[in-house]
Amino acid sequence: MIRLSTDEPMGSAIKRLAMTDGNQALKKAGLKITLPRVKILELMQDPANQHISAEDLYKKLLEIGEEIGLATVYRVLNQFDDAGILNRHHFESGKAVFEMSTQQHHDHLVCLTCDKVIEFTDEVIERRQDEIAMRHNIKLTHHSLYLYGHCTNDTCDHADE
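Count along the sequence shown from 1, then add 2; that gives the number in our numbering.
Everything labelled a hint here was simulated from the structure, so no lab data went into it. Since the structure is predicted, the reported quantities are computational estimates derived from the model, not experimental observations. Fair warning: there could be bad hints in the mix.
Only pairs whose alpha carbons sit at most 30 Å apart, straight line, appear in this in silico DSBU-like list of lysine-lysine [claimed, not checked]:
| id | residue 1 | residue 2 |
| --- | --- | --- |
| 1 | LYS141 | LYS61 |
| 2 | LYS118 | LYS61 |
| 3 | LYS97 | LYS61 |
| 4 | LYS61 | LYS29 |
| 5 | LYS97 | LYS29 |
| 6 | LYS141 | LYS30 |
| 7 | LYS62 | LYS34 |
| 8 | LYS30 | LYS61 |
| 9 | LYS97 | LYS34 |
| 10 | LYS62 | LYS97 |
| 11 | LYS118 | LYS97 |
| 12 | LYS62 | LYS29 |
| 13 | LYS62 | LYS30 |
| 14 | LYS34 | LYS61 |
| 15 | LYS62 | LYS118 |
Please build the complete structure, drawing on both the sequences and the hints.
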């Protein structure tokens with residue numbers, strides 16, 4: 003993760019940030035390297051922040067002392083989604099959540115009680131999807147699989163509600 007020093011002039015910080023691998027994605031996508039984009043990308047690269055909503059990302063920015071407006075967060079996330087840096091998902095909760103698109107293909111298992119998201123891969127499911135598509139004369143380009151249910155153990159955050 004890249005850290006910005008409050009003692010460092012903004013121009014120097016942006017130039018230093020422009021050299022990092024993560025920000026090459028911004029340049030490649032044709033997006034100017036700005037402090038809000040860099041900070042949001044930095045937070046999104048943290049594995050703990052996968053499947054995060056714009057509102058929750060905004061709260062995390064406030065927690066670390068970044069005063070980036072909620073409208074800017076939405077705009078940057080949309081730009082990152084359009085550029086292929088992030089993937090947007092619309093789970094049953096009704097709100098969009100985002101994850102880095104650099105991950106290998108995976109599917110999602112979602113708890114309808116606590117909104118926990120579990121990523122998984124399964125070769126049998128992948129093979130069956132390909133077989134079904136071929137049987138119907140469809141050449142798959144991409145797909146999403148979301149499985150919904152309820153946690154059946156004590157780790158569900160909202161099991162008592």
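For each hint, the structure was consulted:
1. LYS141 to LYS61: Violated. LYS141 to LYS61 sits at ~41 Å, over the 30 Å cutoff.
2. LYS118 to LYS61: Satisfied, since the Cα-Cα distance of roughly 18 Å is no more than 30 Å.
3. LYS97 to LYS61: Cα-Cα ~16 Å, so holds.
4. LYS61 to LYS29: holds (26 Å)
5. LYS97 to LYS29: Given that 30 Å is the threshold and the Cα spacing comes to 29 Å, the pair holds.
6. LYS141 to LYS30: holds (29 Å)
7. LYS62 to LYS34: With a Cα-Cα distance of about 23 Å, the restraint between LYS62 and LYS34 holds, given a limit of 30 Å.
8. LYS30 to LYS61: The given pair, whose Cα atoms are some 28 Å apart, holds under the 30 Å limit.
9. LYS97 to LYS34: holds (27 Å)
10. LYS62 to LYS97: holds (17 Å)
11. LYS118 to LYS97: holds (14 Å)
12. LYS62 to LYS29: Satisfied, since the Cα-Cα distance of roughly 25 Å is no more than 30 Å.
13. LYS62 to LYS30: holds (26 Å)
14. LYS34 to LYS61: holds (24 Å)
15. LYS62 to LYS118: holds (18 Å)
Of the numbered hints listed earlier, the single one contradicted by the structure is hint 1.
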